Structures are given as C-alpha cells and as structure tokens.
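Here are the chains, one letter per residue:
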Amino acid sequence: MKLETLQQLNAERAARRPAIVVTDTATGEQRLVKAADIAADPLAAELSKQLRMGKSASVEVNGKKLFLNVYAPTAKLVIVGAVHISQALAPLARTLGYDVTVVDPRTAFASPERFPDVPLIAEWPDVALPPLNVDAYTAFVAVTHDPKIDDPALLHAFERGCFYIGALGSKKTHAKRIERLKQQGASDADLAKIHAPIGLAIGAVSPAEIAVSIMAEITATLRLPAAAKAQAA
Amino acid sequence: MLDREEDILKAAEDWKSAGHGVALATVVETWGSAPRPAGSSLVINDDGTFLGSVSGGCVEGAVVTEALDVIESGAPKLLEFGVADETAWKVGLSCGGTIRVFVEKVG
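If you read the sequences in order, they're chains E and G. Numbering of the first sequence is given in my numbering, commencing with residue 1 and proceeding in unit increments. Numbering of the second sequence is given in my numbering, commencing with residue 1 and proceeding in unit increments.
None of these hints come from the bench; they were simulated from the model. Keep in mind that the hints are not guaranteed to be accurate.
To be verified - Computed beta-carbon distance windows for the label pairs:
#	chain 1	residue 1	chain 2	residue 2	range
1	E	T5	G	G48	35 to 45 Å
2	G	G74	E	D41	19 to 29 Å
3	G	E80	E	I202	24 to 34 Å
4	E	R94	G	G56	39 to 49 Å
As the list claims (entries may be wrong) - Sample of chain E residues lacking proximity to chain G, with all beta carbon distances greater than 10 Å (derived):
#	residue
5	L9
6	V70
7	D188
Claimed, not checked - Dumping the calculated DSS-like pairs for lysine-lysine here, alpha-carbon to alpha-carbon at most 25 Å:
#	chain 1	residue 1	chain 2	residue 2
8	G	K10	E	K55
9	G	K77	E	K76
10	E	K49	E	K64
11	E	K2	G	K10
12	E	K64	E	K76
13	G	K16	E	K34
14	G	K77	E	K182
15	G	K10	E	K34
16	E	K2	G	K77
17	E	K65	E	K76
18	E	K64	G	K77
19	E	K49	G	K16
20	E	K193	G	K16
Predicted, not measured: the structure shown is a model, and the values here were computed from it. In this text, a Cβ means the ideal position worked out from N, Cα and C, and glycines have one as well.
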C-alpha cells in the first residue's frame with residue numbers, strides 16, 4: 001500500500017467516513033474508494049453491497065480477483081433514558097459491536113449501580129449530546145417517556161442524520177410527540193424517520209425482549225437494502 | 001464491526017513515517033472454520049515487531065517471516081495456509097480451515 005493511500009485511509013477513518021480499499025491480489029494494484037465516490041465507481045454494486053454488510057470480501061470481476069477491504073466506522077448507540085429497558089439494551093448492543101452511551105439527567109436513573117461498565121452521562125441532552133459526535137453511523141433511541149428530555153434529544157438526532165432514530169411510546173403518545181416537534185421546527189421528513197412505537201413487532205413484553213426488538217430493528221435498518229426495508233415495514 | 005483494526009493502520013503509518021520498513025498482511029479469503037474473517041490484518045516492521053493477527057496465532061510466525069521478505073523485495077505475495085497444504089507451507093491451521101493472506105509493502 002502506498003503511504004499516501006494509507007494516510008488518506010487513516011484520515012477517512014479518523015473522520016468516521018467509510019472507505020474501501022480495492023486490491024488486485026495477483027498484481028498488487030490498489031486504489032482507495034471513499035464512500036462519497038462509490039456511486040460513480042465501476043464497481044458501485046459490489047462496493048455498496050460490501051459496505052452495507054460491513055464485510056470485506058474477494059470478488060471476481062472480468063476475470064480479475066479483487067479484494068474489497070471495507071473500513072466502516074464502529075456504529076454507536078446513544079440511549080437517552082437510563083430506564084429499565086436501557087439496562088437490557090446497553091449490554092445487548094455492546095455484544096452486537098456498538099459503542100454505547102447512556103444519557104439521562106436524572107441521577108437516580110443514571111447511576112453506575114444500574115449501569116455497570118456503561119459510559120453514563122447524567123446531564124441534559126443539550127449538554128450531554130454535542131460532545132458525543134452523533135453521526136450517520138449512530139443509532140439513537142429516546143426512551144425516557146419525558147418530553148422535556150426526549151424532545152430535544154430527538155431534534156439533535158435529526159440534525160446529525162442518525163441512521164436509526166427510535167422513540168418509546170404508543171401510537172397516541174407518538175402523535176402528540178409529532179405535534180410538539182413540529183412546533184419546534186422539525187420537518188415532515190425528519191419526523192417520518194422516527195421508529196415509533198420503537199422496535200420490531202415481536203410481541204415483546206419484558207424489558208429484555210423489548211431490547212431485542214429494538215436491536216433487531218436497528219440491525220435491519222443498518223443491513224437491509226432499501227427495497228427490502230420498504231417491504232419489511 | 002470492522003474498524004477494530006484501528007491501531008494497526010495507525011501503527012503502519014507511524015512506523016513508516018519513523019523511517020521503518022513496513023508491511024501489511026491481510027486475510028483476503030477464508031474457507032471452512034477460519035479463525036479470523038477477511039479483512040483481519042497484521043502490521044510488521046523491519047525489526048520484526050508486529051501488531052494484530054491474521055489467525056488465532058497459528059500462522060503469524062510464518063507471515064512475519066514472509067513479510068520481512070516483502071519489505072526487502074517490495075513485491076507483494078499471496079500466501080495460503082491450510083491443513084491440506086503440506087508442500088507450500090509447513091504451518092497449518094489447527095482448526096481445519098484455509099486462509100489466503102495478502103502481504104504488501106507500505107510505501
């Protein structure tokens with residue numbers, strides 16, 4: 001690998017932008033494809049598939065064996081609300097490879113006893129969220145049930161373009177939330193991004209089951225191609 | 001997720017910038033029960049210092065030896081390790097899988 005390619009790759013990774021290194025393993029010929037350039041690339045279909053799966057693989061194109069090495073940023077999960085569901089959700093998300101942070105200004109909830117080994121921020125969203133660098137590789141869930149906490153958090157998630165946004169609450173609760181967020185300037189397109197009621201409909205009852213349904217929905221959003229997602233919804 | 005290799009590519013850049021000869025070894029294909037997935041990588045410098053892994057530790061020694069060769073010659077190599085491959089490589093994978101490892105010089 002040319003030093004220049006390596007430096008560019010490290011810069012993309014430091015900025016949490018995905019990139020793929022394409023190597024002809026027979027000749028050593030190599031190039032870096034940044035995420036923004038994938039659509040215009042001759043290998044667009046192969047590259048976007050591997051990136052979506054977050055998986056490196058060898059492919060054969062026109063008789064050439066090419067290795068596509070995918071560098072996708074580690075996905076983050078930001079959980080707003082240190083509630084019972086979050087106690088199950090945080091360790092489950094970590095098992096799935098997410099960097100997890102729990103935010104809740106209510107110190108009785110956000111206590112290390114309830115969340116051993118999980119980064120906890122006992123601050124209001126306006127203080128807690130900006131340093132977290134919430135981005136397009138972040139899944140964001142708001143589960144406090146308290147509009148004073150959930151609403152500003154969701155507005156932040158819209159602004160940062162999270163790949164998944166979920167909010168706890170029934171259809172009725174959600175309808176009220178939509179009204180409130182609209183008054184605070186959220187667009188219809190943003191509001192349509194909220195998964196609510198949160199989680200796949202698997203009949204979840206216990207906090208752990210709800211956590212499973214949330215992580216299943218996040219996984220589907222991350223991995224399924226757009227067409228299959230539309231079908232699943 | 002895949003960017004747990006973070007320190008490896010950073011080390012490759014740092015070692016190279018510090019004037020070392022550096023090679024990268026990357027798993028490009030696996031069959032059967034390979035210990036580490038495609039994309040797993042190892043960085044080696046001309047001291048023989050290395051970081052990362054391409055298997056559970058079974059073939060790292062052989063990869064490092066080959067990598068020193070690649071640093072010297074500058075020509076990339078495609079190595080194959082597997083239990084059925086007695087002739088080309090003496091070291092095999094105890095788990096019964098086969099892996100191909102691409103070794104390239106940095107710079």
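> Under the criterion that the straight-line Cα-Cα distance not exceed 25 Å, is the pair K49 (chain E), K16 (chain G) satisfied?
Replying inline: Given that 25 Å is the threshold and the Cα spacing comes to 32 Å, the pair is violated.
> Regarding the assertion that V70 (chain E) does not contact chain G, is the least Cβ-Cβ distance greater than 10 Å?
Replying inline: 6 Å, violated
>> Check whether the Cα positions of K65 (chain E) and K76 (chain E) lie no farther apart than 25 Å.
In response: 33 Å, violated
> Measuring from beta carbon to beta carbon, are G74 (chain G) and D41 (chain E) in 19 to 29 Å?
Replying inline: With Cβ atoms ~28 Å apart, the hint holds.
> When you look at the beta carbon of D188 (chain E), is every beta carbon of chain G farther off than 10 Å?
Replying inline: 32 Å, holds
> Would the pair K64 (chain E) and K76 (chain E) pass a check requiring their Cα atoms to be no farther apart than 25 Å?
Replying inline: 36 Å, violated
>> The hint says 39 to 49 Å between R94 (chain E) and G56 (chain G); measuring C-beta to C-beta, is that right?
In response: 23 Å, violated
> K64 (chain E) and K77 (chain G): Cα distance at most 25 Å?
Replying inline: The hint holds at about 16 Å.
>> Tell me if the straight-line CA distance from K77 (chain G) to K76 (chain E) falls inside 25 Å.
In response: 36 Å, violated
> Taking only the CA atoms, is the gap from K193 (chain E) to K16 (chain G) under or equal to 25 Å?
Replying inline: Judged against 25 Å, a Cα distance of about 45 Å means the pair is violated.
>> K2 (chain E) and K10 (chain G) were given as a pair; does the straight-line alpha-carbon distance stay at or below 25 Å?
In response: At roughly 14 Å apart (the allowed maximum being 25 Å), K10 (chain G) and K2 (chain E) satisfy the hint.
> Is the straight-line distance between the alpha-carbon of K2 (chain E) and that of K77 (chain G) 25 Å or less?
Replying inline: Since the Cα atoms of K2 (chain E) and K77 (chain G) sit roughly 16 Å apart, the hinted pair holds (cutoff 25 Å).
Hint check: violations occur at hints 1, 3, 4, 5, 6, 9, 12, 14, 17, 19, 20; the rest are consistent with the structure.
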